[in-house]
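Engineer: In full-length UniProt numbering, the protein residues as written are 1 to 239.
Worth double-checking, as some hints may not be accurate.
For lysine-lysine, the following DSS-like pairs were computed, each having C-alpha atoms within a straight-line distance of at most 25 Å [to be verified]:
| id | residue 1 | residue 2 |
| --- | --- | --- |
| 1 | Lys-53 | Lys-19 |
| 2 | Lys-53 | Lys-103 |
| 3 | Lys-103 | Lys-78 |
| 4 | Lys-131 | Lys-103 |
| 5 | Lys-91 | Lys-130 |
| 6 | Lys-114 | Lys-78 |
| 7 | Lys-33 | Lys-91 |
| 8 | Lys-2 | Lys-41 |
| 9 | Lys-164 | Lys-131 |
| 10 | Lys-70 | Lys-37 |
| 11 | Lys-130 | Lys-96 |
| 12 | Lys-29 | Lys-17 |
| 13 | Lys-69 | Lys-2 |
| 14 | Lys-103 | Lys-140 |
| 15 | Lys-103 | Lys-70 |
| 16 | Lys-69 | Lys-26 |
| 17 | Lys-19 | Lys-41 |
| 18 | Lys-164 | Lys-114 |
| 19 | Lys-140 | Lys-181 |
| 20 | Lys-164 | Lys-181 |
If you anchor each label on the Cβ, the simulated ranges turn out as follows [to be verified]:
| id | residue 1 | residue 2 | range |
| --- | --- | --- | --- |
| 21 | Thr-54 | Asn-27 | 13 to 21 Å |
| 22 | Gln-75 | Ala-176 | 48 to 56 Å |
| 23 | Ala-21 | Lys-103 | 33 to 41 Å |
| 24 | Ala-235 | Phe-214 | 39 to 47 Å |
| 25 | Thr-146 | Pro-73 | 33 to 41 Å |
| 26 | His-153 | Glu-198 | 54 to 62 Å |
| 27 | Lys-140 | Lys-103 | 32 to 40 Å |
| 28 | Ser-182 | Thr-213 | 28 to 36 Å |
| 29 | Lys-19 | Lys-103 | 35 to 43 Å |
| 30 | Pro-179 | Lys-140 | 32 to 40 Å |
| 31 | Pro-47 | Thr-144 | 53 to 61 Å |
| 32 | Ala-87 | Asn-49 | 26 to 34 Å |
| 33 | Ser-90 | Tyr-156 | 32 to 40 Å |
It should be emphasised that the hints constitute simulated quantities derived from the structure, not laboratory data. Bear in mind that the values here come from a model prediction, so they are computed numbers and not experimental data. The beta-carbon is built from N, C-alpha and C at its ideal position, and this holds for glycine as well.
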Amino acid sequence: MKFWLFRGTTPEEVLEKLKVASNTDKNYKYYSKYFFKYYVKYPGRQPPNLSTKTADGIMQARLHDWLEKKLTPPQVFKEMGFTGTFASASKDPQFKYITQYSKMWSDLQVRLTKEADELMRARLDSWLEKKLTPPQVFNKLGLTGTFESAREHPDYKYFEQYSKMWSNLQVRLSQASAPAKSAEDLMIEKLYYWLKKELSPPQVFKELGLTGTFASARGEPNHKYFELYCRMWSAAQGG
1 MKFWLFRGTT PEEVLEKLKV ASNTDKNYKY YSKYFFKYYV KYPGRQPPNL STKTADGIMQ
61 ARLHDWLEKK LTPPQVFKEM GFTGTFASAS KDPQFKYITQ YSKMWSDLQV RLTKEADELM
121 RARLDSWLEK KLTPPQVFNK LGLTGTFESA REHPDYKYFE QYSKMWSNLQ VRLSQASAPA
181 KSAEDLMIEK LYYWLKKELS PPQVFKELGL TGTFASARGE PNHKYFELYC RMWSAAQGG
């Protein structure tokens, strides 16, 4: 069918070649596709007496063809023969296609941006795995000058994103490398917490799970912390 299109074979000739007699024939869908592609490629040959539905179908095919070619709305505006401004042409019945194309173009930009962001995110993850520093990624992104002077570059947002990823990685690594606190360190923290809350020595005695009298509990493992707290309490009271 590409060959027929290249040669300019008319839809009527293709209809005969495909032996299509009605829209229920198995080859009708191929004829239908060819019909619209033909008038997209040869718009000057479009008959003036087509039904509104058929003419609209051809126009829809043209819009998608322009979108595949990534023509901007202003370029399509000229392709459709409009002059002046969008505002001055807005009352033309055909202007509805400019409005439709502008929406299609906008949706395409959103999709392309999302795809670009996803692709770049994969690259950032790869660079982070390789532990590239932010200055190295700055160069990888093709940014030049200083961090400040490159702010206007479209890819600077990826540098900012990577810098945050790098910072978070350093925090995680520092936390992972920090030695775990011992049971004694944790207990000392508790003593300072109780002191801040102004718990008295008898209250801390109970918090430590000690029973009986101060003297009878001397053999308990936590009694040393009770004694330490008593000294801390005394120092805090000015004694």
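Engineer: Does the Cβ-Cβ separation between Ala-235 and Phe-214 fall within 39 to 47 Å?
Structural biologist: Since the Cβ atoms of Ala-235 and Phe-214 sit about 18 Å apart, the hinted range of 39 to 47 Å is violated.
Engineer: Taking 25 Å as the top limit, are the C-alpha atoms of Lys-164 and Lys-114 close enough?
Structural biologist: Measuring from Cα to Cα gives roughly 20 Å; hence the hint holds.
Engineer: The hint says 28 to 36 Å between Ser-182 and Thr-213; measuring C-beta to C-beta, is that right?
Structural biologist: Once the Cβ atoms are compared, 29 Å apart, the range 28 to 36 Å for Thr-213 and Ser-182 holds.
Engineer: Lys-19 and Lys-103, beta-carbon distance inside 35 to 43 Å?
Structural biologist: 39 Å, holds
Engineer: Does the alpha-carbon distance linking Lys-29 and Lys-17 stay inside the 25 Å limit?
Structural biologist: 14 Å, holds
Engineer: Hey, Lys-140 versus Lys-181, does the alpha-carbon distance stay inside 25 Å?
Structural biologist: Violated, at roughly 40 Å.
Engineer: Check the following: the C-beta atoms of His-153 and Glu-198 are separated by a distance inside 54 to 62 Å.
Structural biologist: 57 Å, holds
Engineer: Measuring from beta carbon to beta carbon, are Gln-75 and Ala-176 in 48 to 56 Å?
Structural biologist: 55 Å, holds
Engineer: Next pair to validate is Lys-53 with Lys-103; report whether the Cα-Cα distance is within 25 Å.
Structural biologist: Holds. Lys-53 to Lys-103 sits at ~21 Å (cutoff 25 Å).
Engineer: Straight-line Cα separation of Lys-69 and Lys-26 no greater than 25 Å?
Structural biologist: 31 Å, violated
Engineer: Checking one constraint from the list: CA of Lys-130 to CA of Lys-96, max 25 Å. Satisfied?
Structural biologist: 51 Å, violated
Engineer: Looking only at beta-carbon atoms, does the pair Thr-146, Pro-73 fall within the given range of 33 to 41 Å?
Structural biologist: 37 Å, holds
In summary, the numbered hints that this structure violates are 4, 5, 6, 7, 11, 14, 16, 19, 20, 24.
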